[in-house]
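Using the sequences provided together with the hints, build the complete structure.
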Amino acid sequence: MFPLNLILRNAFRHRLRTLLTITGLMIAVLAYGLLQTVVDAWYAGAAASSSTRLVTRSSISLAFFLPVSYSQRIRGVEGVKTVGHSNWFGGIYQEPKNFFPQFAVSDNYLDLYPEFVLPAEERSAWQRDRKGILVGRQLAEQYGFKVGDPLPLKGTIYSGTWEFTVRGIFDGSDASKVTRLAMFHWDYLNESVRKTSPRRADVAGVFIIGIDNIDSAAAIARNVDAQFANSLAETLTESEQAFQLSFVAMSDQIIAAIRAVSYVVIAIIMAVMANTMAMSARERISEYATLKALGFGPWFLALLIAGESLLISLIGGGIGMAITAPAAAAFKQAAGIFPIFAVSEDTMAAQAACALAVALVAAVVPAVRAARVRIVDGLRAIG
Amino acid sequence: MEELPGRKSEKTAATEALVKIRGLAKSYRRGDQVVPVLSDISLDIMPGDFTALMGPSGSGKSTLLNLIAGIDKPDSGELRVAGIDITALGESELADWRAANVGFIFQFYNLMPVLTAFENVELPLMLTGLSRSERRARVELTLDAVGLSDRLQHYPNELSGGQQQRVAIARAIVTDPTLLVADEPTGDLDRVSAADVLAMMQRLNAELGKTIIMVTHDANAAHAARKIIHLDKGEILAQPGDKGEILPEPPS
Ligand SMILES: Nc1ncnc2c1ncn2[C@@H]1O[C@H](COP(=O)(O)OP(=O)(O)O)[C@@H](O)[C@H]1O
Ligand SMILES: [Mg+2]
Numbered sequence: 001m002f003p004l005n006l007i008l009r010n011a012f013r014h015r016l017r018t019l020l021t022i023t024g025l026m027i028a029v030l031a032y033g034l035l036q037t038v039v040d041a042w043y044a045g046a047a048a049s050s051s052t053r054l055v056t057r058s059s060i061s062l063a064f065f066l067p068v069s070y071s072q073r074i075r076g077v078e079g080v081k082t083v084g085h086s087n088w089f090g091g092i093y094q095e096p097k098n099f100f101p102q103f104a105v106s107d108n109y110l111d112l113y114p115e116f117v118l119p120a121e122e123r124s125a126w127q128r129d130r131k132g133i134l135v136g137r138q139l140a141e142q143y144g145f146k147v148g149d150p151l152p153l154k155g156t157i158y159s160g161t162w163e164f165t166v167r168g169i170f171d172g173s174d175a176s177k178v179t180r181l182a183m184f185h186w187d188y189l190n191e192s193v194r195k196t197s198p199r200r201a202d203v204a205g206v207f208i209i210g211i212d213n214i215d216s217a218a219a220i221a222r223n224v225d226a227q228f229a230n231s232l233a234e235t236l237t238e239s240e241q242a243f244q245l246s247f248v249a250m251s252d253q254i255i256a257a258i259r260a261v262s263y264v265v266i267a268i269i270m271a272v273m274a275n276t277m278a279m280s281a282r283e284r285i286s287e288y289a290t291l292k293a294l295g296f297g298p299w300f301l302a303l304l305i306a307g308e309s310l311l312i313s314l315i316g317g318g319i320g321m322a323i324t325a326p327a328a329a330a331f332k333q334a335a336g337i338f339p340i341f342a343v344s345e346d347t348m349a350a351q352a353a354c355a356l357a358v359a360l361v362a363a364v365v366p367a368v369r370a371a372r373v374r375i376v377d378g379l380r381a382i383g
Numbered sequence: 001m002e003e004l005p006g007r008k009s010e011k012t013a014a015t016e017a018l019v020k021i022r023g024l025a026k027s028y029r030r031g032d033q034v035v036p037v038l039s040d041i042s043l044d045i046m047p048g049d050f051t052a053l054m055g056p057s058g059s060g061k062s063t064l065l066n067l068i069a070g071i072d073k074p075d076s077g078e079l080r081v082a083g084i085d086i087t088a089l090g091e092s093e094l095a096d097w098r099a100a101n102v103g104f105i106f107q108f109y110n111l112m113p114v115l116t117a118f119e120n121v122e123l124p125l126m127l128t129g130l131s132r133s134e135r136r137a138r139v140e141l142t143l144d145a146v147g148l149s150d151r152l153q154h155y156p157n158e159l160s161g162g163q164q165q166r167v168a169i170a171r172a173i174v175t176d177p178t179l180l181v182a183d184e185p186t187g188d189l190d191r192v193s194a195a196d197v198l199a200m201m202q203r204l205n206a207e208l209g210k211t212i213i214m215v216t217h218d219a220n221a222a223h224a225a226r227k228i229i230h231l232d233k234g235e236i237l238a239q240p241g242d243k244g245e246i247l248p249e250p251p252s
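Keeping their order, the protein sequence lines are chains A and B. Heads up: the first sequence at position 34 corresponds to 34 in our numbering, and the numbers run straight through without jumps. Heads up: the second sequence at position 13 corresponds to 13 in our numbering, and the numbers run straight through without jumps.
Source of the hints: derived by calculation from the structure; they are not laboratory data. Be a bit skeptical, because a hint or two may be false.
Stretch-level coverage of chain B by chain A, calculated; a stretch enters the list once three of its residues show a Cβ under 8 angstroms from a Cβ in chain A [said to hold, decoys possible]:
#	segment
1	22-36
2	110-118
3	124-133
Listing some non-contacts, in silico: residues in chain B with all C-beta distances to chain A over 10 angstroms [stated by the list, open to error]:
#	residue
4	Glu91
5	Ser92
6	Asp96
7	Ala99
8	Ala100
9	Asp144
10	Gln153
11	Val192
12	Ala199
13	Ile236
Remember, predicted model here, so these are calculated numbers, not experimental data. All C-beta atoms, glycine included, are put in the ideal place defined by N, C-alpha and C.
Okay, structure coming up:
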């Protein structure tokens, strides 16, 4: 097709300029995709959480504990099936950069988390060993933990070095489940604390409530909190999803910053691209005038410029999109902080939309200018 | 068709000017100043004429040519080409009219640098309904006529100035337009190439009966034409009368 041929050749007239623009677009679209994927990964934990679980915590802050005795009273609330509890341990494995979550959990904790699959014999082995610890598959693979291995954790909240032994490795029920965590006996933690600082004993960070009927979740949450209203330690009960999101909300500003950067990247490449297109169109103004003199209409010229802009964006954006998934995989390997780090279809669609927007925005001014140029003025531009 | 009116109209057509200009005026605005460029121009150009528009730089030659070619609009006056009042045409009608009726030859050739000689000549045919093979045949024929049949696949920057201008001439005539307009067609060429291009234009005029209007400030070039119109400060100095009255001297 004739205009396509002309567009193609115009696009590669200044090879270096076009290649640089394509490279810029490629990097911008890639960066945008990765940044969006980081945001997605952040929310992935919340999205993967169960809606048949409620989480009860101190209404003041997550940093405050609740008496573990609350467990009995929560169990008495209608609709509550199971109640477990856990404490955030926050220990360091060898070096501070080896961060992974560790929880001291009640014995029934795993019953509340069917997404963690543990062989029955490993579970009983863990239950027999006071100092036993369970690790998730992702964590085990990262550090090469095997059943029977020692796993010392240096306490930060709870002082001292805690010597655990790996007694089981649990898998996620499907690939989306995050298993980069460890859990050990709350009873063991509590006994130790009772010896060293009795006033900090017999407390839980959060209660996990298993319910049967999702529809009554809101009512159950209200009833639980009503139990402890006007007490010294009031509670806040919400769905696990809401709980996870409140975690994420603490990082709202970081996420907003990441989002903003991803759009800034696109805005910058938009400016670069607009400049390239404007420069090309300005250089060719006498050619456009000549085409007009020959009888080609303003729409044809607009098509030539928009087509060229689209072509460049398509190539740069296309390559950028194509390398986003491999780059994300490499990033996941290297950083290892996001167990779920996959480029979503939404992100790819957004990348395509950005490339398209860049192409169109960059083409508008030069296209309008070329379409409007008076032939005699355009021809005089030569000399 | 009835015989009598048919013959009558044929007769009129033969004596009627191809380009008829009466009281044409054009000025440009520079800031808030209005600069008159052409004032009260009247002239006729007959079919088959080869007319040179001569005059010093800035005398309005190009402006007059652009008005005739329909790429600029006069402020006032009458301008008819082949009976059509082109001042009354809208932008897109005028574009169609140019595509069908005017062949352009420019001082700097104005070829598309990304297109080959063949593709440059094919360009105006893209606006016609011709098929690919019909276009190919016409382009080859035309490039052959300007002596470039061995340069079809060359890009403009692979051709000499004279060759480029011949490609441009091929592009101008490939649609078989009513009128050829040339603005300083030899202005950028050496003497030999200039003579070459002028000879080609003379042939187009003499052998194919093309009506040509050529702007030049070079007396040598003007001598290639059959008539010369002198412009100075936007006015016509000497209007050619009957054929031969102001015939230029043969080129030296
Ligand atoms: N598009 C334009 N805008 C402003 N002034 C113009 C324009 N075109 C021509 N002029 C002016 O009109 C005068 C005649 O120009 P032109 O027709 O190009 O002269 P010539 O071709 O005889 O050298 C000059 O003074 C020129 O500066
Ligand atoms: Mg001029």
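In ascending order, which of the hints set out earlier in this document are inconsistent with the structure?
When the structure is compared with the hints, numbers 1, 4, 5, 6, 7, 8 turn out to be violated.
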